[in-house]
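S.K.: What follows is each chain in one-letter form.
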Amino acid sequence: MALLAPGLAVLAACSSPNRPVAENGQPSPATAAEMNLLARHDSLMAKEDQLFSLKAEINASHSPAAGPYLRGLAAADAAMMGWMHAYKAPDSAATPAVRLAYYQQQQQVLAGVSRQFRATMDSAALFISQHPEPAAPAAPIPSK
Amino acid sequence: MLKRLFLLSLLAAAGLTACSGPGTNSAAHPADDAAGASLARLPYIGERDVRPRADGGPADTVYATIPAFRLTDQAGQVLTNHTFAGRAYVADFFFATCPGICPKMQGELLKVYTKFAADPRVTFLSHTIDPGHDNLPVLRDYAQRLGIADARRWHFATTGAHGEATAKDTVFQLARAYFTAAEPNKLAPGGYAHNGTLALVDDQGHIRGVYDSLNPTEVARLIEQLPVLLAEIDARKKGAAGR
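Top to bottom, those sequences are chains A and B. For the first sequence, the positions run 1 to 144 when this note's numbering is used. For the second sequence, the positions run 1001 to 1243 when this note's numbering is used.
Note that these hints are calculated values from the structure, not bench results. Worth double-checking, as some hints may not be accurate.
[To be verified] Pair ranges (Cβ atoms, derived): (1) A:Gln130 / B:Ile1223: 46 to 52 Å; (2) A:Pro68 / B:Glu1164: 22 to 28 Å; (3) B:Ala1059 / A:Gly82: 51 to 57 Å; (4) B:His1133 / A:Asp122: 23 to 29 Å; (5) A:Asp122 / B:Asp1055: 51 to 57 Å; (6) B:Lys1115 / A:Asp91: 45 to 51 Å; (7) A:Thr95 / B:Asn1081: 48 to 54 Å; (8) A:Ala93 / B:Ile1223: 32 to 38 Å; (9) A:His62 / B:Pro1067: 21 to 27 Å; (10) A:Ser129 / B:Ile1223: 20 to 26 Å; (11) A:Ala93 / B:Asp1234: 47 to 53 Å.
Idealized CB from N, CA, C, for every residue including glycine.
Please model the entire structure based on the sequences and the hints provided.
M.R.: Below you can see the structure in the form of structure tokens.
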């Protein structure tokens, strides 16, 4: 149990969408900006499932024209993960103005990732509708 | 959002059907009935297949199981379905740099772990959905920061320990298998790998509960239901030993 205590402390220190609402009930502008940013992140992460489902469907089509669509989806995924790896929430010692500016700037970056997701996923869905997965070969009809 | 609502409905339904009396879903494993007839049972969740028996007896109901997997944990240990055979485990999906729900999700799972840390009948398995970044040293560091010293008790695992090009595809397929197995409506929007869901898996690879880690009531329900599953597994083992 003693070993767990530091871990709990670390977790408590991590940012969380459920964190930080001022005691008067209203989040500060910086906190509200952080919550909006993390909500957009969670929304995009939910779309990652769809992105990988589309990728699997395109692969299953075995179409020679699939390359650009697969690369588009891979680029969208890389943009999302790149954002995540680069994201460094300001520490609690930062001034509210610095925190607010960081979250607003990151919101702009993530909005770009969101547009990339939408565009590549729409294209991929259209490609799939035009190149359906080949039907499984029918069972041979027994000869009489 | 629709998926989220559906999942919550499912969670509520699972809660209502949990701990039902003998006979619930027991057709899945008729051989268990003698051993566990007087035990409460958790429901089997997911698709089922009814297979007639050649001898004309009552049809068998076969429930979906977790598909075959091969992972590597923070200690470099290879994990397969066989690693978890005969034991219950709680599974989730996370990634080390997640700034959103993961810290809260893993914090809630830590509460469950703390309750069962000394019980070898249950283990914990967290899959990273960012295998490109979360290599073994990152997973080791993540586990240590969470206070997990024994990798055999809580595995933080990757599908990409050897730089597999399809590692991320594989883990998303696995996430869908865990949670679509618990959800009949496969047309619902995505989020399987990042919705904060915890899955309780039995000793035979069946999903026996899904819980929303972002809801303390759901986490409490997992803590309450885990012993029910462990008692069932114990009874099954005793039944097998007695035969």
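S.K.: It remains to establish, for every hint, whether it holds in the given structure.
M.R.: Right, here's what the structure says about each hint:
1. A:Gln130 / B:Ile1223: 46 to 52 Å: This hint holds: roughly 50 Å between Cβ atoms.
2. A:Pro68 / B:Glu1164: 22 to 28 Å: Check passed, 24 Å falls within 22 to 28 Å.
3. B:Ala1059 / A:Gly82: 51 to 57 Å: holds (52 Å)
4. B:His1133 / A:Asp122: 23 to 29 Å: For His1133 (chain B) and Asp122 (chain A) the Cβ distance comes to about 27 Å; the hint holds.
5. A:Asp122 / B:Asp1055: 51 to 57 Å: holds (54 Å)
6. B:Lys1115 / A:Asp91: 45 to 51 Å: Given about 32 Å between the Cβ atoms, the range is violated.
7. A:Thr95 / B:Asn1081: 48 to 54 Å: holds (52 Å)
8. A:Ala93 / B:Ile1223: 32 to 38 Å: Since Ala93 (chain A) and Ile1223 (chain B) have Cβ atoms about 37 Å apart, the given range 32 to 38 Å holds.
9. A:His62 / B:Pro1067: 21 to 27 Å: holds (22 Å)
10. A:Ser129 / B:Ile1223: 20 to 26 Å: violated (46 Å)
11. A:Ala93 / B:Asp1234: 47 to 53 Å: holds (52 Å)
The structure does not agree with the numbered hints 6, 10 stated previously, though it agrees with the rest.
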